[in-house]
Amino acid sequence: MSLFSIDVGSQLVDLGSALLLLTCFAIVAQRRLSACVDLFVLQSVFLALTASLVAFLTGIHHIYVAAALTIVVKAVIIPRILKQVIEHVNVKRELEMNVNVPTGLLICGALVILAFFITQPIIPLGFLLTRDSLAIALAIVLIGFFMMIARKKAVTQVIGFLVMENGLFLGATAAAYGMPLIVELGVFFDLLVGTLIIGIYSHRLQDAFDSVDTSKLTTLKE
Amino acid sequence: MSSWPLVLLVAAPVIAGLGSLVVQQRRAIEVLQCAQAGAMLAAAALVAGQIIAAGEASVGGFLQVDALSAWLDLIIGFVGSSGTLYAVGYVGEELDRAHVSLKRYSQFFCLFDMYLASMLLAVNLENIAIMWIAIEGSTLSAALLIGFDRSKAALEAGWKYVILSSVGIALALFGTILVYYSSEHILGVSNEALRWSQLYRVAEKLDPVAIKVAFIFALIGYGTKAGVAPMHTWLPDAHAEAPTPVSAMLSANMLTVAVYAILRFKAVTDRSVGPEFAGKLIVGLALLSLAVSAIFILVQRDYKRLFAYSSIEHIGIALLGFGIGGLGVFAGAWHLMNHALAKSTAFYGAGLVFLRHDHKSLDRVTGLLEQMPVAGTAILVAGVALAGLPPFGLFISEVLIVAGSYTIRPEVAYVFLALLALAFATLLYQVLRMVLGEPGEAGTALGRQCRIFTSAAVGINIVALGTIGLRVPPGLETLLASILKIFGVGMEAPR
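Top to bottom, those sequences are chains P and U. Those letters in the first sequence? Residues 2 to 223, per this note's numbering, in order. Those letters in the second sequence? Residues 10 to 504, per this note's numbering, in order.
I should point out that these hints are in silico values taken from the structure, not numbers from a laboratory. Keep in mind it's a predicted model, so treat the numbers as computed, not measured. Idealized CB from N, CA, C, for every residue including glycine. Careful, some of the hints might be misleading.
[Unchecked claim] Facing chain P, from chain U, some residues (calculated, C-beta under 8 Å):
hint, residue
1, L149
2, A152
3, E165
4, S199
5, D216
Just chain P, with the same shape it has in the complex (with noise of 0.2 Å):
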């Protein structure tokens, strides 16, 4: 490979990784709740995005499976899943949160420098292609931790796990080329059951309490 190839390349992945980070903001400030998956959905494309750009750049084939994957798991099926629960519970309105939109985004805004600064002293150790996608990569991780924090929604605590487990992809995809595809596949499948599990949840709490507001959840306390 050329070396203009990878310089090219690797401001496309920090590019890609970028407009992750850029989606992760957007979902944040939005209220309403199918926005959010919409959201995710283009969060999920750009990771796809990227991953296959890693694997054009370096040729290591099975991150195509992986961007693949991602597609059919995180931009078919688990979309689907989240819209029927949504349904079912009937939250379309806006969301409640426990901060308010702009704190958040400073919130956010902080995590981001924090994740560069944690990442600082090891992304001399990576790949020169991708190694500046750790830091936004984690920087994803905690913005989907504040997430589910910042919610109160069964519904948007979801997006925030599956939002970190994106975070996650980027991590393992771009600054390090994948974990190997036996891995990969089960993270895949235990996100995928996961979800499902959570959907289930969702359905119960409806059906239980009468709202997916986790906030009412306080007959267990000390």
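Fit chain U to the known structure of chain P by using the hints.
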């Protein structure tokens, strides 16, 4: 060296679980579960025997057992098989009372067995990422088991569990990725870079900062699953609301498996940056867990939650042992095994009380020894063991941890002793109040079959607890010596 015991150990619960789902017939499921309990127990003993004799066993480079894995195999295999017997009695009683349908009955056993299988798989895997997948598998099956009753409280507990554990396990995966990130430069982009044995071998060449960050993520992530404070908030709810056989397995097995995962990361970190770094972090979290649990044990009004907080305490004690190193590693491993036996016994007793009285209020339970001799004995023996009194193993491990921490950092020993005394007094008081005195409410008597199976489970556990309480059997001693070597005790300190 034959590899079939290892395969049998992992395969038995899978086969029994799928079988239970397919046959949907009570007697057949009971036979399957009893067969599974026997097979698991025998296989775990055989695997441990192989390790004691030969040092390690493996199947095709995929499953790999060393002393630490064998130790976990023994714990999960033994408590898993008595737990299976207990579940047959407990859930059978629920079926008799028409609380669950036959379909849900078979679903329960399918999930229960898959849960055991994924934990057994996790501790015997050579690949850290596949171990992560197996542990996540146990999280998912446990999530469905905790919410099995579908009451509001059970759903709430299950939801908390699934959300917190998912976050925790996601952070643990990030730690795993970071290890791979630093090891693939040395071992190449392949499965080799994820194998424990390879990681131990090249640990000194791994980037120290990357390993430190990875360890922090793994500690927080798997620590959430181990119920380490301050990530413990799911634990009391899940233990209190899950069907009791599941509570017993959560406490005895799942927390132990999570500690195992932390230990594996610690072993790599110790070799890479020396034992100080991981040790300090673990000691800090362990003392925090002890403090939190000691306070909440004091104010508990629910007997299942009481035992749940006691689990946080004991996992904290075991971690403290591993954190201080040296003799502490021996004590930590010994503590894990004895805690698993004692805590499952306590929950077996608590479950019988719940079946009889249908409430979990600590104040309304008295005179168990007279009213329900089996449950009373289970809670009394387990309570005395958990409080750390002789002649049980927990006494020995706690004394060793005090001694070990005193020689290294006396202040740790003082804090530990103070917290231990607080938890000891309250737990023992509550347990004695439950078992002694005049029986209160009559409650519903248990069916004959339930009594037989649950008594068997309690009996097996108490016999084991008593047998290993006074002295460490020679075979286990060999295993413990090999575990010490994994953590660099008795060898030259790494780096």
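Going through the hints against the structure:
1. L149: Hint holds; U:L149 Cβ to chain P Cβ min 5 Å, cut 8 Å.
2. A152: holds, 5 Å
3. E165: holds, 4 Å
4. S199: holds, 7 Å
5. D216: Cβ of U:D216 sits 5 Å from chain P, so the hint holds.
Hint compliance for this structure: every hint is met.
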